[in-house]
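Colleague: Following the hints, put chain B with the ligands in place on chain A, whose structure we already have.
Just so you know, the sequences run in chain order A and B.
According to the UniProt record's numbering, the residues represented by the first sequence are 1 to 471, in order.
According to the UniProt record's numbering, the residues represented by the second sequence are 1 to 471, in order.
Heads up, some of the hints might be wrong.
No copy is singled out in the list; a pair is fine if it fits within one copy or between any two copies.
[What the hints assert, rightly or not] Only pairs whose alpha carbons sit at most 25 Å apart, straight line, appear in this in silico SDA-like list of lysine to any residue:
id	residue 1	residue 2
1	Lys104	Arg149
2	Lys423	Glu453
3	Lys104	Glu170
4	Lys423	Asn141
5	Lys423	Leu137
6	Lys423	Leu95
7	Lys122	Thr144
8	Lys215	Arg332
9	Lys242	Lys264
10	Lys242	Asp213
11	Lys104	Ala168
12	Lys104	Gln135
13	Lys122	Gln135
Bear in mind the hints are in silico, worked out from the structure with no lab data behind them.
2 protein chains.
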Amino acid sequence: MTRYQHLAGLLAERIQTGLYLEGEKLPSVRSLSQQHGVSISTVQQAYQVLENQQLITPQPRSGYFVAHRKAPPPVPAMSRPVQRPVEVTQWDEVLTLLEARSDKEMVLFGGGAPDITQATLKPLWREMSRLAQHQVLDALNYDTLNGRRELREQIARLMLDGGIALTADEIVIASGCHPAMSLAILAVCQPGDIIAVESPSYYGTMQLLRGLDIKAIEIPTDSETGISLEALELALEQWPIKGVLLVPTCNNPLGFIMSETRKKAVLALAQRHDIVIFEDDIYGELAAEYPRPSTIKSYDIDGRVLLCSSFTKTVAPGLRVGWIAPGRYLDRVIHKKYAAIGTNVPSTQLAVAAFIRDGHYHRHVRRMRQIYQNRLETYTCWVRQYFPCDICVTRPQGGYLLWVELPETVDMVCVSRTLGRLKIQIAPGSLFSASGKYRNCLRLNCALPPNDENREVIKQLGEAIESALEA
Amino acid sequence: MTRYQHLAGLLAERIQTGLYLEGEKLPSVRSLSQQHGVSISTVQQAYQVLENQQLITPQPRSGYFVAHRKAPPPVPAMSRPVQRPVEVTQWDEVLTLLEARSDKEMVLFGGGAPDITQATLKPLWREMSRLAQHQVLDALNYDTLNGRRELREQIARLMLDGGIALTADEIVIASGCHPAMSLAILAVCQPGDIIAVESPSYYGTMQLLRGLDIKAIEIPTDSETGISLEALELALEQWPIKGVLLVPTCNNPLGFIMSETRKKAVLALAQRHDIVIFEDDIYGELAAEYPRPSTIKSYDIDGRVLLCSSFTKTVAPGLRVGWIAPGRYLDRVIHKKYAAIGTNVPSTQLAVAAFIRDGHYHRHVRRMRQIYQNRLETYTCWVRQYFPCDICVTRPQGGYLLWVELPETVDMVCVSRTLGRLKIQIAPGSLFSASGKYRNCLRLNCALPPNDENREVIKQLGEAIESALEA
Ligand SMILES: Cc1ncc(COP(=O)(O)O)c(C=O)c1O
Ligand SMILES: Cc1ncc(COP(=O)(O)O)c(C=O)c1O
Numbered sequence: 001m002t003r004y005q006h007l008a009g010l011l012a013e014r015i016q017t018g019l020y021l022e023g024e025k026l027p028s029v030r031s032l033s034q035q036h037g038v039s040i041s042t043v044q045q046a047y048q049v050l051e052n053q054q055l056i057t058p059q060p061r062s063g064y065f066v067a068h069r070k071a072p073p074p075v076p077a078m079s080r081p082v083q084r085p086v087e088v089t090q091w092d093e094v095l096t097l098l099e100a101r102s103d104k105e106m107v108l109f110g111g112g113a114p115d116i117t118q119a120t121l122k123p124l125w126r127e128m129s130r131l132a133q134h135q136v137l138d139a140l141n142y143d144t145l146n147g148r149r150e151l152r153e154q155i156a157r158l159m160l161d162g163g164i165a166l167t168a169d170e171i172v173i174a175s176g177c178h179p180a181m182s183l184a185i186l187a188v189c190q191p192g193d194i195i196a197v198e199s200p201s202y203y204g205t206m207q208l209l210r211g212l213d214i215k216a217i218e219i220p221t222d223s224e225t226g227i228s229l230e231a232l233e234l235a236l237e238q239w240p241i242k243g244v245l246l247v248p249t250c251n252n253p254l255g256f257i258m259s260e261t262r263k264k265a266v267l268a269l270a271q272r273h274d275i276v277i278f279e280d281d282i283y284g285e286l287a288a289e290y291p292r293p294s295t296i297k298s299y300d301i302d303g304r305v306l307l308c309s310s311f312t313k314t315v316a317p318g319l320r321v322g323w324i325a326p327g328r329y330l331d332r333v334i335h336k337k338y339a340a341i342g343t344n345v346p347s348t349q350l351a352v353a354a355f356i357r358d359g360h361y362h363r364h365v366r367r368m369r370q371i372y373q374n375r376l377e378t379y380t381c382w383v384r385q386y387f388p389c390d391i392c393v394t395r396p397q398g399g400y401l402l403w404v405e406l407p408e409t410v411d412m413v414c415v416s417r418t419l420g421r422l423k424i425q426i427a428p429g430s431l432f433s434a435s436g437k438y439r440n441c442l443r444l445n446c447a448l449p450p451n452d453e454n455r456e457v458i459k460q461l462g463e464a465i466e467s468a469l470e471a
Numbered sequence: 001m002t003r004y005q006h007l008a009g010l011l012a013e014r015i016q017t018g019l020y021l022e023g024e025k026l027p028s029v030r031s032l033s034q035q036h037g038v039s040i041s042t043v044q045q046a047y048q049v050l051e052n053q054q055l056i057t058p059q060p061r062s063g064y065f066v067a068h069r070k071a072p073p074p075v076p077a078m079s080r081p082v083q084r085p086v087e088v089t090q091w092d093e094v095l096t097l098l099e100a101r102s103d104k105e106m107v108l109f110g111g112g113a114p115d116i117t118q119a120t121l122k123p124l125w126r127e128m129s130r131l132a133q134h135q136v137l138d139a140l141n142y143d144t145l146n147g148r149r150e151l152r153e154q155i156a157r158l159m160l161d162g163g164i165a166l167t168a169d170e171i172v173i174a175s176g177c178h179p180a181m182s183l184a185i186l187a188v189c190q191p192g193d194i195i196a197v198e199s200p201s202y203y204g205t206m207q208l209l210r211g212l213d214i215k216a217i218e219i220p221t222d223s224e225t226g227i228s229l230e231a232l233e234l235a236l237e238q239w240p241i242k243g244v245l246l247v248p249t250c251n252n253p254l255g256f257i258m259s260e261t262r263k264k265a266v267l268a269l270a271q272r273h274d275i276v277i278f279e280d281d282i283y284g285e286l287a288a289e290y291p292r293p294s295t296i297k298s299y300d301i302d303g304r305v306l307l308c309s310s311f312t313k314t315v316a317p318g319l320r321v322g323w324i325a326p327g328r329y330l331d332r333v334i335h336k337k338y339a340a341i342g343t344n345v346p347s348t349q350l351a352v353a354a355f356i357r358d359g360h361y362h363r364h365v366r367r368m369r370q371i372y373q374n375r376l377e378t379y380t381c382w383v384r385q386y387f388p389c390d391i392c393v394t395r396p397q398g399g400y401l402l403w404v405e406l407p408e409t410v411d412m413v414c415v416s417r418t419l420g421r422l423k424i425q426i427a428p429g430s431l432f433s434a435s436g437k438y439r440n441c442l443r444l445n446c447a448l449p450p451n452d453e454n455r456e457v458i459k460q461l462g463e464a465i466e467s468a469l470e471a
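Chain A on its own, in the form it takes in the complex (with noise of 0.2 Å):
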């Protein structure tokens, strides 16, 4: 953490626990800088994070004031969809929001890509730049059918934090999370099994449940607790559930942390109804609490849970480099790997791997960690601001993603093809649906830099919205 923010993080915690109450003015810029023995710029720079997250409003030539609160927004209550197995639909939507990912224009607030220009990579660039240079054999030639072995051991250091020992012979290399859930699902499923998954859930993976016949159950989710475990309970009485996929850590789009007891529980649902867990740890290093939160997986003492993830959002998308610990899978998922997809690009591996080893991805992770949770506090604050006041707002407890639910009447399938228009990508909330709910949620990326400009986004989103109550 930089100096600044960790001023920052001090003066809004004397804020929160009320040491500065409302309307009090704050010390001085410079008595700050002198009591804290750091530079004026660097308490300039705590104000700004302050003034941003609205904690503090700055009065001309007066200083800096503890801003007057309106009480935080409710969160979502637990979701309701439809309770059966439905054939996922919405890909002309997906296409759509995908599509804008190659309009240079467009700010993409509805993607999911992390913030990939911090300096804290530039290590990462050297060492492709190192490759191509001395080591072009390598990055030439095919891979193993298992991927990169460096890469394979390092990641199974990474997994020890997430509380799994597993050896680099139980992992396989993906090129993606994606590619990683979808050899999973292969492995496990045939076409026409159903598999239980959040509501909402992130719309790629609904995606790819389509793509492989595979039909979703949709099961209510607490947007702070997580999948609900009773209605989960029913469901795999009711129907003959294949498995249940989570995203239990930093959940994409609602950004709770299930607890432990609840992942145990979890677990041992799997275990009594004896089905499998694909569970997305994509976001997992990414949880505001440290060290990180555990895995399903690391209870998993018969090989059912089948772990997927990446380094797309902790370190950057265009690497394509994923894994998946696939438990007693393993020999299926080798093979599903080969018939559909063969090896993956030896080079990005071979950097990431140096990359971790080196110690350069603790680092970055650390500061990117640091830096999400104040730009989802920023954000929040700038939801508050300029969306209608009746709304609810997820808290989320790590990643980047923040889910706004707005009056039953706005439909932002609607609004969002006007704000495409004003080249503003969101991600309406129905394409984590696949029985068609959420069409009054929007999902927002928040690893975009909390800007002047996106402040603006921010303000063009609110109006569009409140036109389309009016309407």
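Modeller: Below, chain B with the ligands alone, put in the same frame as chain A:
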């Protein structure tokens, strides 16, 4: 082509056309050097090539003589596979073959990797390094779903050489020819469907069919003219076949190039029976003839040919850059790509696009085409010299693969186990059949440099086969 290769070609032609007769003394190095205005060492290199090809023999202190020639071995006869749809097996054997790749000591005559050590590839490394330094955001961001446009534009230009006029928008990038094939089949077929294939057929594609639960019907195939149209027609009349999968230009493993007439005839057959053609063109640019032979796709008027290819053989396997021109299945291919795999690595796409754009690709392929032709000749000579005499050997018209048929009593699956212990990997013929044929055959990768060590390996191979014959 270098000078010595040119000279070697000229002399070979004179020998083959009988201008120099068997046993006749050849001009001295010095006189040839004067005659052709080339250096002494150029002539020496040319003679070395001819000696490797066993066209000439050196006699100490008296120079080079035209070798006494055995009649060339016959080519394999039309194959006679089982005439009904079967499930592909042999996964364990293919896995053994693949796993040998990670053994650094193994000599890989069984794989299909090209030679990636030539200097004409250097501009590619430079481009990769440049990208890591100067275009890093492009390299680290998500790709678009159909792949980088720069690359698709270059591919559209290349495809013109195969007679295909397409725009960049009609091409979808995949991470190799194998995943391109996988998407093509997913877009057209359902599990349980039947696809007709050449026999023998590349084992990777066979395993792909197995992985997708597609049945294969093997069609008799001639080692010089390709798939039997008569047998294919019979099969189409008898079975509900969804498509026919062909490697019509520089076939793997047989090396034939189907004539234009036969290419048109197979397309007409597909039209008559309303099925699709999966055209695998991965070796197409390595045809000995120049300009390269046309593709079946170039005659396609109603979008029923799905052409798949990659830069794996022409540039390098580690790029994982391939493509598909899916005709009328474009939308389905894009959807299946999103569902099963997602996007690809941008950096290797950008590198190869620049490699083509700047003319390096054409220079490289021109050189490799010549090198592989020479190597095929050299290995053919060595096989004639060291293998038992009653064998059939293909006469590849491009690519770098040689297929050898041994007496029926030889079991190459057993021999390959013995060879594995000697750290020699070959591909036993049985991998190329869904119904267990071709156990007495093997495929050799002649992209390996024909140096003394590899000559020794071919000798050991011959010995292992001899012992198998005697046993
Ligand atoms: C929950 C979740 N799973 C999977 C993915 C896909 O990851 P990758 O790009 O590594 O394939 C994403 C990316 O948005 C995601 O949010
Ligand atoms: C005929 C054929 N098709 C497809 C492939 C697979 O190509 P790629 O490595 O580009 O996926 C190969 C490679 O050996 C091949 O020979």
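Colleague: Give a verdict on every hint.
Modeller: Consistency of the hints with the structure:
1. Lys104 / Arg149: Between copies, since 13 Å is at most 25 Å while 37 Å is not.
2. Lys423 / Glu453: within (13 Å within a copy, 62 Å between copies)
3. Lys104 / Glu170: Classified as between; 21 Å across copies, 41 Å inside a copy.
4. Lys423 / Asn141: Between copies only: 19 Å across, 42 Å inside.
5. Lys423 / Leu137: between (43 Å within a copy, 21 Å between copies)
6. Lys423 / Leu95: Within. Shortest intra-copy distance 16 Å satisfies the 25 Å Cα cut-off; inter-copy 49 Å does not.
7. Lys122 / Thr144: Between copies only: 24 Å across, 28 Å inside.
8. Lys215 / Arg332: Both. Shortest intra-copy (21 Å) and inter-copy (19 Å) distances satisfy the 25 Å Cα cut-off.
9. Lys242 / Lys264: within (19 Å within a copy, 47 Å between copies)
10. Lys242 / Asp213: both (13 Å within a copy, 19 Å between copies)
11. Lys104 / Ala168: Classified as between: cross-chain Cα gap 19 Å, same-chain 40 Å, threshold 25 Å.
12. Lys104 / Gln135: between (34 Å within a copy, 15 Å between copies)
13. Lys122 / Gln135: both (19 Å within a copy, 13 Å between copies)
Checked against the numbered hints above, the structure violates none of them.
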